[in-house]
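S.K.: First to last, the sequence lines map onto chains W and A.
Each residue of the first sequence is one higher than the one before, starting from 1 at the first, in the numbering used here.
Each residue of the second sequence is one higher than the one before, starting from 1 at the first, in the numbering used here.
It should be emphasised that the hints constitute simulated quantities derived from the structure, not laboratory data.
All values derive from a computational prediction rather than experimental measurement.
Certain hints may be false.
Here are the in silico distance ranges between beta carbons for each label pair [to be verified]:
{"#": "1", "chain 1": "A", "residue 1": "D31", "chain 2": "W", "residue 2": "A98", "range": "15 to 21 angstroms"}
{"#": "2", "chain 1": "A", "residue 1": "D79", "chain 2": "W", "residue 2": "G59", "range": "45 to 51 angstroms"}
{"#": "3", "chain 1": "W", "residue 1": "N71", "chain 2": "A", "residue 2": "K71", "range": "37 to 43 angstroms"}
{"#": "4", "chain 1": "A", "residue 1": "Q9", "chain 2": "W", "residue 2": "T20", "range": "29 to 35 angstroms"}
Taking lysine-lysine and the DSSO-like style, the derived pairs with C-alpha atoms no more than 30 angstroms apart in a straight line are [as the list claims (entries may be wrong)]:
{"#": "5", "chain 1": "A", "residue 1": "K57", "chain 2": "W", "residue 2": "K68"}
{"#": "6", "chain 1": "A", "residue 1": "K100", "chain 2": "A", "residue 2": "K57"}
{"#": "7", "chain 1": "W", "residue 1": "K68", "chain 2": "W", "residue 2": "K24"}
{"#": "8", "chain 1": "A", "residue 1": "K94", "chain 2": "W", "residue 2": "K68"}
{"#": "9", "chain 1": "A", "residue 1": "K94", "chain 2": "W", "residue 2": "K24"}
Quick reminder that beta carbons are idealized off the backbone N, C-alpha and C, glycines included.
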Amino acid sequence: DAGVIQSPRHEVTEMGQEVTLRCKPISGHNSLFWYRQTMMRGLELLIYFNNNVPIDDSGMPEDRFSAKMPNASFSTLKIQPSEPRDSAVYFCASRPLAGGANEQFFGPGTRLTVL
Amino acid sequence: QQQVKQSPQSLIVQKGGISIINCAYENTAFDYFPWYQQFPGKGPALLIAIRPDVSEKKEGRFTISFNKSAKQFSLHIMDSQPGDSATYFCAASKGHSYGKLTFGQGTILTVHP
Chain W
1 DAGVIQSPRH EVTEMGQEVT LRCKPISGHN SLFWYRQTMM RGLELLIYFN NNVPIDDSGM
61 PEDRFSAKMP NASFSTLKIQ PSEPRDSAVY FCASRPLAGG ANEQFFGPGT RLTVL
Chain A
1 QQQVKQSPQS LIVQKGGISI INCAYENTAF DYFPWYQQFP GKGPALLIAI RPDVSEKKEG
61 RFTISFNKSA KQFSLHIMDS QPGDSATYFC AASKGHSYGK LTFGQGTILT VHP
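Working from the sequences, and respecting the hints, build out all of it.
M.R.: Written as structure tokens, this is what we have:
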């Protein structure tokens with residue numbers, strides 16, 4: 001299994017530009033999470049989906065952030081317009097809903113720098 | 001009430017020593033307590049986890065101690081090795097099937113050879 005796949009791995013953009021981060025969860029995993037990691041705030045849950053449906057988006061910082069999961073194998077996190085304070089590492093994680101296990105499998109992350 | 005507080009922020013240990021990282025939680029509904037390990041440039045990965053029906057769980061050199069009455073749990077790394085140098089996160093969730101984890105702030109562990 002290839003694990004959780006995220007793209008791009010690095011993104012450098014200028015303030016005001018639109019940024020789209022992509023995630024492909026592990027096949028068969030029907031729960032998907034987006035996290036943001038910074039030195040100041042640690043690892044924050046932004047939003048998570050069960051069976052492609054957003055369950056909790058209370059961690060999304062503001063309306064500039066949006067996330068979609070159009071099918072079981074793809075999700076996007078969009079920031080528009082981007083700001084320097086959005087600079088962080090963004091992780092996607094997935095886990096199966098069934099089976100009782102609560103282990104989340106993280107992708108390698110996307111390091112976003114907004115100039 | 002959803003917070004998980006982790007300490008220390010950073011820890012330096014000599015090779016062969018014991019590393020201890022502590023976490024405290026407030027929400028008594030939490031019933032699953034994992035520890036994740038993160039190496040530089042990588043995503044966090046599950047290291048070991050415990051449920052509140054036991055007070056201790058050991059896997060190799062890694063042990064979780066759990067104190068339900070104090071609402072605290074800790075990670076002990078015995079015979080610490082330079083390869084253990086990483087950031088460690090404690091976390092908690094309620095309802096094991098829901099998967100939403102609340103993470104602590106993380107501890108940067110450095111093991112000197």
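S.K.: Sort out which numbered hints this structure fails and list those numbers smallest first.
M.R.: 2, 5
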